[in-house]
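Line by line, the protein sequences are chains A and B. Okay, so the first sequence: first residue is 370 according to this note's numbering, each after it adds one. Okay, so the second sequence: first residue is 370 according to this note's numbering, each after it adds one.
Hints may contain errors.
[Stated by the list, open to error] Computed list of lysine-lysine pairs in BS3-like fashion (alpha-carbon distance at most 27 Å, straight line):
#1 Lys-590(B) - Lys-590(A)
#2 Lys-642(A) - Lys-590(B)
#3 Lys-505(A) - Lys-648(B)
Quick caveat, the hints were computed from the structure, so don't treat them as lab data.
Number of protein chains: 2
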Amino acid sequence: MNIAIVGTGLIGGSIGIRLKEINFSDKIIGVEKSESNQKKALQLGLVDEIQSLEDAIKNSKIIILTVPVDAIINMLPQILDQVTDQVVIDMGSTKSNILSLINDHPKRGRYVAAHPMAGTEYSGPEAAISGLFKDKMMVYVEAFKSDEDAFEIADSITEQLEMQTSFMNADEHDMHTAYVSHISHLTSFALALTVLEKEKSQGRIFELAGSGFQSTVRLAKSSPDMWTPIFRQNRTNVLEVLEEHINQLQKLHDTLESEDYPSLHKLIKKSNKIKRIIK
Amino acid sequence: MNIAIVGTGLIGGSIGIRLKEINFSDKIIGVEKSESNQKKALQLGLVDEIQSLEDAIKNSKIIILTVPVDAIINMLPQILDQVTDQVVIDMGSTKSNILSLINDHPKRGRYVAAHPMAGTEYSGPEAAISGLFKDKMMVYVEAFKSDEDAFEIADSITEQLEMQTSFMNADEHDMHTAYVSHISHLTSFALALTVLEKEKSQGRIFELAGSGFQSTVRLAKSSPDMWTPIFRQNRTNVLEVLEEHINQLQKLHDTLESEDYPSLHKLIKKSNKIKRIIK
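Bound-form chain A, shown alone (with noise of 0.2 Å):
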């Protein structure tokens, strides 16, 4: 059995070094847009060889789409039009655009919407890491929709990866991921722009960045080629986050330029409880 996978940056280098560490197939099939990407898939050893599109998916048993979510929106109809008993697997970070696109698509069922909630700020073939996924969720999206056999196919896939699992409908996992994940490269990316601007009139205003600064900024180092289309299809759930975020800095800026020092205090510690939800 073939394994494909197409897009063979961060996620998709990530589950081709995880898969070829177990031997889970005889080969895996690496589909990449760009030459210079192919050359370094291959040379890291992430995928066994280079194919076409077309070539992979008659070739492989399992398709897995791990392209920039505008990519898969554009491409997955085309896929399915052309598998029989194959299984594609999308790993997108929006789900109800794609999901209404081939709601009704003959081949629906030979589909598995999933997304692996593991990442990092780097990008392309060389940001590839073996252990990406272990101890992380695997969300599965409308997978009562999928064939029986198909979900099973790519639960196994998620059970080599070592991640934990979770089921949700199309609309919770947008809105969800908009709260947990994309507010959260807005804000860096916000705050990167913030300090840079500031940077060219202070010159050495980066020499007392520390760890804190590093923590809340490094995400702005994320791909805007991955990150814009994921803003464009979770565009409504994103631009709530977004508002409610805005509306409650300027909560802390009203509170702090009125000089309520008792609201401010209130407001900082009633963000503490964050401690119940993160270690």
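Mind docking chain B on chain A? Use the hints.
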């Protein structure tokens, strides 16, 4: 020679651990308002004994202030009234207000304004750790106004903490810390508030929280008792950077709302320049 540490929390306690490790002084005397923290500091071996502030001043050559900045502002003038040839080092996170307050004090020369750019999101004696300061930056502010011997004594501690050093004036320091430290805390507080609010109606929202979310929100565990005074003492700078940050978030919001994806892509790409700065 004895050293007094006023405030045996994260910063004071971590200094105590390190100076005791290397037997830098005869005794480390802790000054601590909270009885429960007094006990913890002794139990954890952060200090050798607890004394009142008055006794500690009399019995020490070096007095290090590691209480919240509003407490430093309250106590520093009175401490300087009591010193003869001791050295008083303030390790607070804001400097302009404190420096103008004691600028004309007859004992100004015995005082060294320093700010260790080190910390974690935890507080209290239990948060103290060895090595907290290693390779971090100690910023001296208006060091030229300290007596040479006082500065040398303070710097010998910095050396024992294995820190790098930097020199700034007070305005520069307070503005830079607003941009690379204070704003990071505000964005985390606001992000925590945003998501905690949503949790009320969406119980499972944190199920999908991954390392990106943790990274941007972890500072929201920081103590309101420490941070409210910092924002208060650095109010003008903090308001400036907060307004600029809200402005940048609003720009991201507006490009997404108007579906101007080329501009959104460009903003994200521009924010990626932070790669130059952080590893």
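Going through the hints against the structure:
Annotation: proposed proximity of Lys-590(B) to Lys-590(A) holds, straight-line Cα distance about 24 Å (limit 27 Å). With a C-alpha separation of about 8 Å, the suggested pair Lys-642(A) and Lys-590(B) falls inside the 27 Å cut-off, and the hint holds. Note on Lys-505(A) and Lys-648(B): the hinted pairing holds, with a Cα-Cα distance of about 24 Å set against a maximum of 27 Å.
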